[in-house]
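Chemist: Read top to bottom, the protein sequences are chains A and B.
At position 39 of the first sequence (counting the first as 1) the number is 57 in the numbering used here, and the numbers step up by one without a gap.
At position 57 of the second sequence (counting the first as 1) the number is 950 in the numbering used here, and the numbers step up by one without a gap.
These are computed hints drawn from the structure, not numbers from a lab.
Yeah, the Cβ is synthetic: ideal placement off N, Cα and C, and Gly gets one too.
It is possible that part of the hints are untrue.
Unchecked claim - Covered stretches of chain B (chain A as the covering partner; in silico rule of three or more C-beta atoms under 8 Å from a C-beta of chain A):
id : segment
1  : 910 to 924
2  : 1004 to 1014
3  : 1017 to 1024
4  : 1031 to 1037
Unchecked claim - Derived list of chain A stretches under chain B, where covered just means 3 residues or more per stretch with a C-beta under 8 Å from a C-beta of chain B:
id : segment
5  : 28 to 40
6  : 158 to 168
7  : 215 to 222
8  : 231 to 239
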Amino acid sequence: MARIHIDEWPPYSPSDQAKKDNVLIVAKLMVNAALTAPFTGGVPGHEAEIAYGQKELELIAREMERLAHKEVPERLKKPFLYEAVMVRESDVAVFLGNKRAHETPMDVGCGLCGGEPNCSFVYERLNHFNGIIDTTDRSRETAIKGPVCVVRAHDLGYAIGSALWVAADCFVDSKACYSVGLAGRNLGFCMNSEIVVGILLGVASKNPYADIPPNYHLTNMSKQVDGIRKITTITRQIPNHPYHTFDPAKKAGTKDPGKEE
Amino acid sequence: MAVYDGLKATQEHLLDVAKACALAAGRAPALTHRLEIMAEIVTDEDLNPMIDVLATLGENSAFQLHDAVAFQDLAKRGMMPPVLLLGADLTKPALWDCGACGFKTCGEYVKYTSRNKGVGIGGYGPTCVWKAIDFGTAADFACACAARHCAEARIMFSVGAVSMLLGRLEGASFVLGLPIGPIGKNLWFDREAWKNILNFERKMMTQMAGGPSMWMAFSGGGNPILKTKPRWWEDPTFLKVEQDATFIEKDVNCQAKAYEKIMRYRGVFGDEDIPK
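Isolated chain A (complex conformation) (with noise of 0.2 Å):
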């Protein structure tokens, strides 16, 4: 027998502790979703990987700052940074990624990729040998080596649909973001996809992924609670008398020293 104590604080706490277990398990049956989402012609080329613990989300929030400051267009900076502090508020963070639109792409002349009846758009820019994409060489110049089949992108869309439905079903809070996928992604999650999406999931009172103030990376919860924690500390030294006998709150100067002033 066991008793299981439920709080969402304070954080990483047993209390804490035992909701995240809640929602690595909803991680898992979204992959499963995932995998049995519709798209196109039914084939698989999906991947899935979940990042679960303190460290783990962490070393992802840390490398959306580095994309933030170092790499992404202006635009995305505080998206990507305000988005490193949900992946720290999340409980588990979900990867899914497409196998197949860096390197085996449909072949069936849709004309999404470039306009055209044919696949010419992706080939002529890829190195292959007739038709077989070597994807060998990894460096990139841009985030995501393009061009990639859009038709096989498409189907991570499916995936993502599904998974985030069942995190609805479950009311556990979700947000899909090309942030966390980027940075997982190059972080090693989902290793054999060009493009990884992310997909934070947090239980908690408030939707830790709604209603975001202004410079919410330096604005959010946890500074303010180490706000707290930086100035108590100070302001507690000042009145640093003898408790033992002396008791300020109590009136000055009366023979009654246990009334109250």
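Dock chain B against the given chain A, drawing on the hints supplied.
Modeler: Same frame as chain A, now just chain B:
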């Protein structure tokens, strides 16, 4: 008080489910936060032009014929499901400069697409990859919603593409079709009308085309024998790679015929413009 015929009532209910699916698609989360989903529900005889064009393309392609035959059969049996068309303009970039489309920046992408927008068999391009992913999520939500309502549904490129070419959902660069229904059991998997379209030999050929190595005999001598029959060593069939001008000609003719039909349905060609 009233008594409703079960089949008729459920057939009518499919339209309500289609509406719910359209709602779900519009509610789907999006990575880019910037994708407008267009939707339209097409029913009964308004689907005829799509089925007609699909059947024409199907004259040389099993993939389109497969769906055309299914729709024709459902129409004949009075079970035509409403088709939810979902579309979006995926050509506008997310402005992330990610490089997935093959261009270094969204600026370069826009410069190229403004001069080189075109259409393939499924949609217009070039496409912003992240918009395509978001559109997939929206389509998935529509499918999941149908499943929640116990309605059979099957997301289709084929009917979506011809609907787009026929001018539905103007402004969309990519359109998918989601028939909601038919009522019954697994009718998109177990297609009654398809039973006699391809004979056993053609079905075997299709399977072999998908994985010829499974039926290949010793390949060290040049053209390997393809084991197409029980006594495959007698009067053997060989695997040989060659150009097929007849197939290409048929394909071009089918496409031209389908294009003519599309132009006629869209009112671009009058009957007098069509060569006899």
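Chemist: Run every hint past the structure and note whether it holds.
Modeler: Structure-based check of all given hints:
1. With 3 residues having a beta carbon nearer than 8 Å to a beta carbon of chain A, the segment 910 to 924 of chain B meets the requirement of three or more and the stated coverage holds.
2. Only residues whose beta carbon comes within less than 8 Å of a beta carbon in chain A count, and the segment 1004 to 1014 of chain B has 7; three or more means the coverage holds.
3. For a cut-off of 8 Å, the count of residues in the segment 1017 to 1024 of chain B with a CB near a CB of chain A stands at 6, and the three-residue condition holds.
4. Counting residues of the segment 1031 to 1037 of chain B whose beta carbon lies closer than 8 Å to any beta carbon of chain A gives 6, which meets the minimum of three for the stated coverage.
5. A stretch counts as covered by a chain when three or more of its residues have a beta carbon under 8 Å from one of that chain; for the segment 28 to 40 of chain A and chain B the count is 0, and the coverage is violated.
6. As drawn, the segment 158 to 168 of chain A meets chain B at 10 residues by the rule of a beta-carbon pair under 8 Å; at three or more, the given contact holds.
7. Counting residues of the segment 215 to 222 of chain A whose beta carbon lies closer than 8 Å to any beta carbon of chain B gives 1, which falls short of the minimum of three for the stated coverage.
8. Check result for the segment 231 to 239 of chain A against chain B: violated, 0 residues qualifying (beta carbon to beta carbon below 8 Å, three or more required).
In terms of the numbered hints stated before, the structure departs from hints 5, 7 and 8, listed from lowest to highest.
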